[in-house]
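Student: This is what each chain is made of:
2 protein chains.
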Amino acid sequence: MEQYPTNKLNKVRKSDRAAYDKDTVHAILDDALVAHVGFVDHDWPMVIPMIYARDGDTLYLHGAKAARIAKALGKGVPVCITVTHLDGLVLARSAFHSSVNYRSVVVHGMAHQVCDADEKTKALTLITDHIAPGRWDETRVMNDKELNSTGVIAVPIERAAAKCRTGGPADDDEDYALPIWAGVIPVRQVLGTPEDDGRLVAGVDIPQSIEQAKARHS
Amino acid sequence: MEQYPTNKLNKVRKSDRAAYDKDTVHAILDDALVAHVGFVDHDWPMVIPMIYARDGDTLYLHGAKAARIAKALGKGVPVCITVTHLDGLVLARSAFHSSVNYRSVVVHGMAHQVCDADEKTKALTLITDHIAPGRWDETRVMNDKELNSTGVIAVPIERAAAKCRTGGPADDDEDYALPIWAGVIPVRQVLGTPEDDGRLVAGVDIPQSIEQAKARHS
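Listed in order, the protein sequences are those of chains A and B. Quick note: the first sequence uses my numbering, first residue 2, plus one each step. Quick note: the second sequence uses my numbering, first residue 2, plus one each step.
Simulated from the structure, these hints should not be mistaken for laboratory data. Accuracy of the hints is not assured; some may be wrong.
No copy labels: a pair is met if it fits in one copy or bridges any two.
Below, simulated DSS-like cross-link-like pairs (lysine-lysine); rule was C-alpha separation at most 25 angstroms, straight line [to be verified]:
| id | residue 1 | residue 2 |
| --- | --- | --- |
| 1 | 12 | 215 |
| 2 | 215 | 146 |
| 3 | 215 | 15 |
| 4 | 15 | 66 |
| 5 | 23 | 123 |
| 6 | 215 | 66 |
With the sequences and hints as input, model every part of the structure.
Tutor: This is how it looks when you write it as structure tokens:
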């Protein structure tokens with residue numbers, strides 16, 4: 002399996018929970034809707050939620066060109082992109098051994114602005130389709146004014162680490178005799194019933210993209 | 002309404018989506034299960050998912066004392082703690098006006114290690130109860146060894162900004178004539194059916210804390 006490189010910045014301490022192979026990293030990235038993007042702004046760490054998409058070993062972000070984050074990231078700065086799925090609450094007999102089940106990925110790379118119109122359009126297509134697969138082709142074609150006012154940022158994945166916890170609690174041997182409930186409460190992100198905006202042209206049905214999105218998060 | 006201070010680091014550009022009052026900020030913080038914690042490590046931004054709790058104007062984090070993040074944050078460094086609820090996918094008739102509905106909070110503060118045993122215990126109680134209200138009192142009492150091996154980090158909220166988007170898409174006037182579905186797909190985080198670990202003492206029922214947790218995320 003092809004691996005992402007590690008160094009002291011992304012090596013996970015508990016190695017049994019870590020993975021660096023591309024299959025694991027990509028699956029976690031592709032399955033989430035929101036990433037938390039970290040960068041340094043005037044010596045302070047800044048973490049902003051953003052939608053995104055992956056194309057091979059590159060992550061794409063977007064935002065209004067006027068937005069601070071597009072300006073900051075467009076300069077070619079180090080960023081950290083973290084994606085987390087919370088999968089369960091792990092209740093042990095002791096608070097100490099209580100935990101959560103999760104799948105997360107931490108990506109590091111240098112951000113740069115995408116200027117090429119074709120790459121920008123490809124990135125925006127991927128971001129739109131990441132939210133609802135196939136949505137780009139259902140929408141009205143993007144015009145030049147819209148394309149020009151949108152900032153697209155590319156982050157080639159330089160290092161990446163996945164970290165996962167699965168399974169039930171692991172209590173101390175003597176605690177199993179205690180009359181305390183222990184186990185896992187599963188957590189899921191689900192999509193509800195689509196609510197149209199009340200201004201649909203007659204005869205317009207719920208599109209394929211929503212069915213696809215619902216199938217991914219059900 | 003009492004407000005958190007703003008400066009150029011946390012002032013939101015689109016002011017109609019921003020709030021700085023404590024009621025709004027606290028409600029968003031209290032309603033989430035995982036925060037994304039940003040700090041600077043060897044000049045790189047680092048973003049790590051963590052569970053947490055709030056006590057007034059202070060956020061508490063915890064981790065094994067041996068963990069890099071506990072060591073890094075314990076030194077008294079600037080951190081950014083971001084919490085995001087994804088509430089909906091907003092599908093407009095154009096990709097450009099497509100968006101997501103969300104509630105997020107970005108907090109800045111200087112982290113410091115909590116050494117006082119009473120404050121540590123209070124913080125761990127709050128973190129445990131944040132995951133499942135009342136869970137601390139249901140679990141076996143924490144012993145000194147456990148308390149000593151757990152690092153607790155306090156982050157007094159120095160600045161905070163909430164940002165929210167609600168409602169449907171806002172398309173360009175001429176696009177409403179297009180035969181394209183537009184609206185919102187609600188997104189929710191839900192808790193599933195508790196799964197015990199198969200080692201319960203006879204007669205142990207699902208505790209109150211799980212019912213409380215489920216009521217908060219249903």
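Student: Each hint should be assessed against the structure and marked as holding or not.
Tutor: Quick rundown of the hints versus the structure:
In this assembly of identical chains, residue 12 and residue 215 lie within 25 angstroms of each other by CA distance neither inside one copy nor across copies; the values are 35 angstroms within and 35 angstroms between. Taking identical chains as interchangeable, the C-alpha atoms of residue 215 and residue 146 are never at most 25 angstroms apart, the minima being 32 angstroms within one chain and 46 angstroms between chains. Within a single copy, residue 215 and residue 15 get their C-alpha atoms no closer than 34 angstroms, and across copies no closer than 30 angstroms, so neither meets the 25 angstroms cut-off. In this homomeric assembly, residue 15 and residue 66 come within 25 angstroms of each other (Cα to Cα) only across copies, at 13 angstroms, whereas the closest approach inside a single copy is 40 angstroms.
Only within a single protomer do residue 23 and residue 123 lie at most 25 angstroms apart by alpha-carbon distance; the minimum there is 22 angstroms, versus 41 angstroms between protomers. In this homomeric assembly, residue 215 and residue 66 never come within 25 angstroms of each other (Cα to Cα): the closest approach is 31 angstroms inside a single copy and 41 angstroms across copies.
Violation of the numbered hints given earlier is confined to hints 1, 2, 3, 6; the remaining hints are satisfied by the structure.
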